[in-house]
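Enquirer: Spelled out, the chains give:
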Amino acid sequence: MEFTVKQIAGLLGGEIEGEENLKISQLSKIEEGISGSISFLSNPKYEPYLYTTEASAVIVDKSFEPKKAFKTTLIRVESSYTAFTQLLQQYERIIKGDKRGIEQPSYLGQGTELGENPYLGAFAYVGTNCKIGKNVKIYPHAYVGDNVKIGDGTVIHSGVRIYNNTIIGQNCTFFANAVIGSDGFGFAPLPDGTYKTIPQLGNVVIEDNVSIGAGATIDCATMGSTVIRQGVKLDNLVQVGHNVEIGKNTVIAAQAGIAGSTKIGENCVIGGQAGFNGHITVPKGTKVGGQAGVTRTWEEEGLSLNGTPALELKDSLRSAAIFRKLPLLEKRVHELEKQNKEDKH
Amino acid sequence: MEFTVKQIAGLLGGEIEGEENLKISQLSKIEEGISGSISFLSNPKYEPYLYTTEASAVIVDKSFEPKKAFKTTLIRVESSYTAFTQLLQQYERIIKGDKRGIEQPSYLGQGTELGENPYLGAFAYVGTNCKIGKNVKIYPHAYVGDNVKIGDGTVIHSGVRIYNNTIIGQNCTFFANAVIGSDGFGFAPLPDGTYKTIPQLGNVVIEDNVSIGAGATIDCATMGSTVIRQGVKLDNLVQVGHNVEIGKNTVIAAQAGIAGSTKIGENCVIGGQAGFNGHITVPKGTKVGGQAGVTRTWEEEGLSLNGTPALELKDSLRSAAIFRKLPLLEKRVHELEKQNKEDKH
Amino acid sequence: MEFTVKQIAGLLGGEIEGEENLKISQLSKIEEGISGSISFLSNPKYEPYLYTTEASAVIVDKSFEPKKAFKTTLIRVESSYTAFTQLLQQYERIIKGDKRGIEQPSYLGQGTELGENPYLGAFAYVGTNCKIGKNVKIYPHAYVGDNVKIGDGTVIHSGVRIYNNTIIGQNCTFFANAVIGSDGFGFAPLPDGTYKTIPQLGNVVIEDNVSIGAGATIDCATMGSTVIRQGVKLDNLVQVGHNVEIGKNTVIAAQAGIAGSTKIGENCVIGGQAGFNGHITVPKGTKVGGQAGVTRTWEEEGLSLNGTPALELKDSLRSAAIFRKLPLLEKRVHELEKQNKEDKH
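Protein chains in written order, with the working numbering: chain A, 1 to 345; chain B, 346 to 690; chain C, 691 to 1035.
Just so you know, the hints here were simulated from the structure itself, not pulled from any lab data.
None of the values given here were measured: they were computed from a predicted structure.
We put the CB at the ideal spot given by N, CA and C, even for glycine.
Treat the hints with care, as some may be off.
A short, non-exhaustive set of chain A residues, derived as facing chain B with CB atoms under 8 Å [as the list claims (entries may be wrong)]: (1) Asp146; (2) Ser182; (3) Gly193; (4) Asn277; (5) Asp315.
Derived pair list, reagent style SDA-like, types lysine to any residue, alpha-carbon separation capped at 25 Å [to be verified]: (6) C:Lys974 <-> C:Gly992; (7) A:Lys45 <-> A:Leu87; (8) C:Lys821 <-> A:Arg100; (9) C:Lys789 <-> B:Asn509; (10) A:Lys99 <-> C:Lys839.
Can you make the complete structure from the sequences, with help from the hints?
Expert: This is the structure we're talking about:
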C-alpha cells in the first residue's frame, strides 16, 4: 500500500510540482501532515499550513498561487477537494477490503437466493424465503432470519442479528453486533405480581441509506412496524423501542434510547445518552442535548432541548447557571432574613 | 398467511355476522383497523371505534348489542378478549416460526446431551458437560460454555453468549447478543498505578420465566452467584454487575445499569437508563424513574424515586418545578436586596 | 472439583490444625463461609469472623494466635493472603477452563498463522494476513478481520468483532460481543438535509494488559488511530468514539460513553453511565462520578467531577443539597417578600 507521487498524480490527472518519486503510504490532514503522507488544500483558511506541513505531497487547485516558500510537493488538479475525496474512496476500498464471493461453510435456507455479485462470509446464516438484492455483503457470523428483504448494496457486518420479516432498503450499513427486530418490551401485570408476555407480532422496516451502529438494538413492533426512515444514522448502542418511528435524516448519537411508540421527526439531531419517554412526539428539526431526558411531546419545530426533564436550551442553561451558584443564593436569602430580623429590633 | 373470515370463525368457534369470504392477512387494534385486518372489541370504551373502523372483521362478545350502523363483519364468540389472544398466539407461531431439529454444522461438546425435541441452529456451539432440558431452542451462532444447565422450554436466540457454569431455569428467553456470565469488573489498584485483576470465580443463576433483552450483559459473581429471580424481565442493553441480586417479578427498562453487589427487591419497576450504585439495597415494590441515579440504600417499600441523586418522586418534582424557575427566584432575591438597600437610605 | 484439606495444605505447603480429611468444594469470604468451603484470614479486622465462621477450613498466617475457641480447621502458611491468591488462581483455571488446540470448523484466511500453543474455537474466523502471538485464545464465533495484530497471551472471547487493521498488545482480554474498530460516527450535512458519510480510514490501537468489557464498542479513527493505552480497563457496554485516546491505567465503569476526539488522561477513574463531549481533554487522575456529563476541558489534575454539566464534586454536592431544599428556599423568599410588603404599610 505504497504509491509514488507520480502514480497518484496519474490517477487524479494532475500535474506535479516537485519530487515525483516520493513514496506515499497514507492520507493526512494538512495541519497534521507527516512525511510519507499526502494531504490537500481547498479552504484558504488552511493555506498557512501549506508552508509548514511535513506532508510529502499536497493536492491543490490548478489556480492556487502560493505566497511563500514551502517544501512539500504539489499536485495541481481542477478541484483539490474532489480529487482528495476520490483518493479517500480508493484508499477506503483498500483499507476496508472489497469482499466478494461465498465463503464456506455458510448457510442459506430454502427459498432464499442471493442477488448478483454477493459476499457471504464463512459462518453467515440466512434463513428461508429471503430476498437479497444485488451487491449485498453479509459478513461472517451475521444472522438473517426468515422472510427478510434486503435491498441492493446493503452491508451487514459480522455478528449482526436480523429477525424474521424485517424489511431493509438499499445502501444501508449495519455495524457489528447490531440487533434488528428482537421482541419489544411488552409485559402485562397480572394480579399475582407476575407478568404475562404480550406477543410482539410486528416487524422492523428500514428505508434506504440508513446506518446502524455497532451493538445498537431496534425492537419489532407489537403490531405493525417499527420504522426507520431513509437517511437515518444511529450510532453505537442506541436503543429503539417497539413501534417507534424515526423521521428521515435524523441522526442519533451513541447510547441514546427511545421508549416504545415514540415518534421522532425528520432532521432531528439527538445527543449521546439522551432518553425519550414512550408515546411522545418530537417534531422536525429538534435538537436534543447529550444525556437529556425528553419526557413529553413538544409541538414547535426546530427547538433545542436540554436537561432532565428536558427544557428549552436557553431556559436550561439559565437554570443550570444559577444551580451552580445555589449555595450563594441561599446565603443571600439568609442574609436578607438576618437583616429583617435586625430591623425588627 | 391469508385466511377467510370463515376460516377464522371456524378456528374460534364463533358466529359470523356479515361477509364470510373476506380475506384477512393481519391483526390490528380496532382504532387503527385497516382493510384486510381483523380486530376485537372487549372494553366498552372502544365501542365507538366499531362504527368507524376500517378493519374487515371484528371479534365481539356473543352478548354485544350494537347501537349504531357499522360496515365491518362481526365474529361473535364467548369472550372476544380470550379469542383474540388465541388468534395472537396462532399468528405468533406463524410469524416467529417454530424451529425444530438440528441444523449442520453445529457443535456439541463431550458429555453434553440435548433434551427431547430440541432446536439447535447451524453454527450454534454448546460446550462440554451441559444439561439441556426438553423443548429448548438454541438459535444459530449462540454460544453455550461448559457445565451449563438450561431448563425446559428456554429459548436462546442468535449470538447469545452464556459462560461456563451458568444455571438457567425453565421457560426463559434470551434475546440476540445478550451476554451472561462474563467477568465482573474487579481490579485492585497497585502502588505503581496499575491494576491487578481479581479472579471472578462465581457464576450466574437465572430462575424460571426470566426474559433478558438483546445485548444485555450480566456479570458472574466474584464468588458465589449473581442471581436473577423468577419472572424478572430485563430490557435491551441492561447491565447487571457481579454479585447483584434482582428480586422476583422485577422489570427493568432498556439501558439501565446496576453496579456490583446491589440487591434489588421483588416487584420493582425500573425506568430506562436508570443507574444504581454498588453495594446498596432497594426494597420491594420500588419504582425508579428513567435516568434516575439511585445512590444509597432505601428502607421503605413501595417508594417512587426520581432524579440524580434519586429523591422521592414528590420531592424531586417540587424541586424540579422550582429549578425551572430559578432565574425568577434569583430575580426575586435581587429585588429584595435592592429594597433593603433602599430602605436603609 | 472436590479436594481434602490435606490436599490443599500440601499444595500450599501449610500445616493443618484440625480435621485433615474434610472435603472442600469452593472458596468463600470468611464472613460468608459455609460448610464445604475454604476461606482465609489476613486483615485482623476480620478476626472475629474466625470464631463464628461455618467455613470448613481457614488459611491463616503461621504467626496467628487465636484469642477464642473456634470450630473450623486452620491451615497455617507463611502468608495467608498470598496462599489464598494462589488457590484462587488454581481454582480459576479449573472453573474457566484452559482451552487449547483448534476446533473444527474454524476459518483462517490466507497469509495468517497462529502463534504457538493457540486456542481457536469452532466457528471462529480470522481473516487474511493477521499476526497472532503465542498463547492467544480465540473463542467460538469470534471474528478477526484482515491485517490484525494480536500480542502474546491475549484472549478473545466468543462473539468479539475485531475489524481490519486493529493492533492489539499482549495479555489483553476482550469479553463476549465487544466490537473493536467499527466506523466512527462521521456524517457531513448536505444542503438537502441528507448526510454524506465521511470515510473512516483509521484504526484502533490497543496496548498491553487492557481489558474490554462485554458488548463494549470502540470506533476506529477517521484518520490515524483511536488509542487505548496500557493497563486500561473498560467495563461492559462502554462506548469509545473515533480518535479518542484513553491514558494508561484508566478504568471506566459500565455504560459510560466518550464522544469523538476526546482525550482522557492516565489513571482516571470514571463512573458508570458517565458521558463525555467530543473534542475535550480530561487530565491525569480525574475522578468522574456515575452519570456525570463532562462537557468541557478541565486543566487541573486529580479533580473529582460530578453532575451534568459536571462540576467539582464539592460544588456539585453543595448545590445538590440545596436543590433538595429548593421548595423551602422558595418559601423563605416568599416570606421575605410578604414581610417587606407588610413593612411598607
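Enquirer: When you check the alpha-carbon spacing of Lys821 of chain C and Arg100 of chain A, does it fall within 25 Å?
Expert: holds, 23 Å
Enquirer: Is the hint on Asp315 of chain A kept, meaning its closest Cβ partner in chain B is under 8 Å away?
Expert: holds, 7 Å
Enquirer: Would the hint on Asn277 of chain A be counted as holding, given a Cβ-Cβ threshold of 8 Å to chain B?
Expert: Holds - the Cβ of Asn277 of chain A comes within 8 Å of chain B, reaching about 7 Å at its closest.
Enquirer: With the threshold set at 25 Å, check whether the alpha-carbon distance from Lys974 of chain C to Gly992 of chain C stays at or below it.
Expert: Given that 25 Å is the threshold and the Cα spacing comes to 6 Å, the pair holds.
Enquirer: When you check the alpha-carbon spacing of Lys789 of chain C and Asn509 of chain B, does it fall within 25 Å?
Expert: Status holds; Cα separation ~12 Å.
Enquirer: Just to be careful: measuring from the Cβ of Asp146 of chain A to every Cβ in chain B, is the smallest value less than 8 Å?
Expert: Where the cut-off is 8 Å and the nearest Cβ of chain B is about 6 Å from Asp146 of chain A, the hint holds.
Enquirer: Double-check Gly193 of chain A for me: the hint is only fine if its C-beta lies closer than 8 Å to a C-beta in chain B.
Expert: holds, 5 Å
Enquirer: Just to be careful: measuring from the Cβ of Ser182 of chain A to every Cβ in chain B, is the smallest value less than 8 Å?
Expert: holds, 4 Å
Enquirer: Would the pair Lys45 of chain A and Leu87 of chain A pass a check requiring their Cα atoms to be no farther apart than 25 Å?
Expert: Holds - the C-alpha atoms of Leu87 of chain A and Lys45 of chain A are around 22 Å apart, at most 25 Å.
Enquirer: Lys99 of chain A and Lys839 of chain C: Cα distance at most 25 Å?
Expert: holds, 20 Å
Violated hints are absent here; each numbered hint is respected by the structure.
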